[in-house]
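2 protein chains.
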Amino acid sequence: MKTLLPSLDQYETPRLLLEKSCLISNVRRLQKRLSEMGKEVSFRPHMKTAKCIDVAEAVFGEARPPITVSTLKEAEYFFDHGFNDIIYAVGIAPKKLSRVIELRRRGAELKVLVDNIDSAMTVSQAAAEMAVSVPALIEVDTDGHRAGVAPSDGESLRGIAAILDARGSLAGVLTHAGHSYNCTDMECAAAIANDERDGAALAAATLRQSGYAVPIVSVGSTPTAHAARSYDGITEVRAGVFMFFDLVMAGIGACAIEDIGLSVLATVIGHQKSRGWIIVDAGWMAMSRDRGTQKQRIDQVYGLVCGVDGAMYPDLLMVEANQEHGILALRANSTASLPDLPIGSLVRILPNHACATAAQHEDYLVLEQGTPSAVWKRFSGW
Amino acid sequence: MKTLLPSLDQYETPRLLLEKSCLISNVRRLQKRLSEMGKEVSFRPHMKTAKCIDVAEAVFGEARPPITVSTLKEAEYFFDHGFNDIIYAVGIAPKKLSRVIELRRRGAELKVLVDNIDSAMTVSQAAAEMAVSVPALIEVDTDGHRAGVAPSDGESLRGIAAILDARGSLAGVLTHAGHSYNCTDMECAAAIANDERDGAALAAATLRQSGYAVPIVSVGSTPTAHAARSYDGITEVRAGVFMFFDLVMAGIGACAIEDIGLSVLATVIGHQKSRGWIIVDAGWMAMSRDRGTQKQRIDQVYGLVCGVDGAMYPDLLMVEANQEHGILALRANSTASLPDLPIGSLVRILPNHACATAAQHEDYLVLEQGTPSAVWKRFSGW
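Sequences listed follow chains A and B, in order. Per this note's numbering, the very first residue in the first sequence carries number 1; after that it's consecutive. Per this note's numbering, the very first residue in the second sequence carries number 1; after that it's consecutive.
One thing to keep in mind: the hints can contain errors.
Beta-carbon label-pair distances, calculated as ranges [what the hints assert, rightly or not]: (1) B/P215 / A/P342: 40 to 48 Å; (2) B/S42 / A/A311: 41 to 49 Å; (3) A/G381 / B/G276: 30 to 38 Å; (4) B/G276 / A/E155: 52 to 60 Å; (5) B/I117 / A/Q10: 52 to 60 Å; (6) B/M312 / A/K73: 27 to 35 Å.
Since the hints were made in silico from the structure, they are not lab data. Think of the CB as a built atom: it goes at the ideal place given N, C-alpha and C, for glycine as much as any other residue.
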């Protein structure tokens, strides 16, 4: 039997809310999309947004699918909760290898990422010294956004592969088209998805031509996963923020605003009537400083404001954030009127970036049909 | 005897570092400045940046001076560590009053903040119902930045005071010139400090003319505390980020870059040589998304990069931050050359905003003369 939680109007603020129905439907939508792509491509969700076993169990039940993580703390936590097939998708720092090796000794099918000869050597040497295999993927840069070897740079790919392969630890290639976050429509995301696929497939083909096995060809980001038209040559897709979605993703067109599962509950603590401001007790500590919609067609500043029932107020934004204060005001040139929100009123603020906002909180207050149904702890740190 | 900690090159990254000598000298500098102002003005440091008893004890020793807090969790934590005279400097939300009353019953001299009739009524009624006094300060808006009653709005000031005074709980007036963060020099901060002082003193005088006692007249922000030329009519000064300082404060001129006590240790995990990039394992999760220097004369993007010894690399910045990746590159038009930082090299990144960066970490690795000397836990949440 479920413990009955107080109704939403009984909580202190700020408080992170998670609409369970959005979480479930967002995950089902991407799973369905991938299964309909007409090709055997597996799904490796990224757990860096959720950082919570209850989120994973809500969507995967007893299943323990392959996952992606952004920290070794995530790897350790999810391994302790039964997840075995894990890619740590940040280029490995030498001093982190001891924790990787410890996890592998405990039975984790943990794989690491390298994009250069030195890192490959370090992985290979550590594996040899500790008599443990440490499978590594080669990171491929398909959008000039961050890390990785250029797909056309056969020499580097082969050089890294040779070092890894000597220890039997070349696991495949991986790319992340983070540049897709800068798209303002899904046509753009589809084009980047194409580059992501082409680059990963080219790198894999280059390595295979030189005789290397490349079991994993991994691509993904939330926008490209929702926009890709083909996964030819790809073995798996990754995505993270798709579980919760946020205003950046809505601005790209990867979701509707109604799909956003995460919001921050806040209380009205003041007004500056002459300026058209409503002051709430949620600032950047609760929302994060993420301004991801700043460069989009519609700048949502620090977030879109909804009532406690989740219905959006027309054009009401958090226009400024101090540490523990947020200022709500109408969008410039709006013809809407400022809602009447007396002191003590509750509002919900939709975030720019779910990963950043969730990271500011210790737990999720889970809502089912608007009613609190559970508190799910999340973790932070490295 | 001190426990010997490993040398700095032995830590996994990202890791928050705190130079103890900076902390001490930053606090001593402001204490000295205030004591030299030639007037009896007390100091009420804001603990929202530090959120750590060890930081407080490093600077105050056994003393338990008056403090300011931004959350009730800070109030509870510091009260449990012996601090008694506490102002919770965010307009009180009605549902938070039960925790305030609980702290007062336990003996805390906790004071709250109101800037409107409704909040004053709620405080007054709750105090009456619970048979506990709840002293409140009236927030005054001296810079149009956020919350507060205009200093010239005698009617509102008297209206709020009348409600509070009926319960004997008018503790004074308080203002925070947060607008001083937008200054680009200390002349500007001095002008805002003057407005801050004038406004607070005017509000206090207005209330006293109507017969109310106004024991506390509280002003402050780090820039104005370092720039103010007079505290006539003021009883106490508040400041928070001055303990650690950061690039925003250096950009204003409130400190030198060498005074910044906080940095994030990161490891080089890759290079994109053709683009002049060095990739490290600290992204926005470690630095925060704060871009406080964006509007300053010198934009430090996500932070200035130093060697592990703390010496700055000329013009080297974190120019982009993903969740767990940072991209280091030279400032545009720099004539410096990119330092040779092989895979595994450690760097230290100075933050834009100490409050936001510290909030991303669970502890401080404390350095004395470059050597780790302690680990101090910090807390988060509300």
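Here's how the hints hold up against the structure:
no.: 1; hint: B/P215 / A/P342: 40 to 48 Å; verdict: violated (30 Å)
no.: 2; hint: B/S42 / A/A311: 41 to 49 Å; verdict: holds (48 Å)
no.: 3; hint: A/G381 / B/G276: 30 to 38 Å; verdict: holds (31 Å)
no.: 4; hint: B/G276 / A/E155: 52 to 60 Å; verdict: violated (21 Å)
no.: 5; hint: B/I117 / A/Q10: 52 to 60 Å; verdict: violated (25 Å)
no.: 6; hint: B/M312 / A/K73: 27 to 35 Å; verdict: holds (30 Å)
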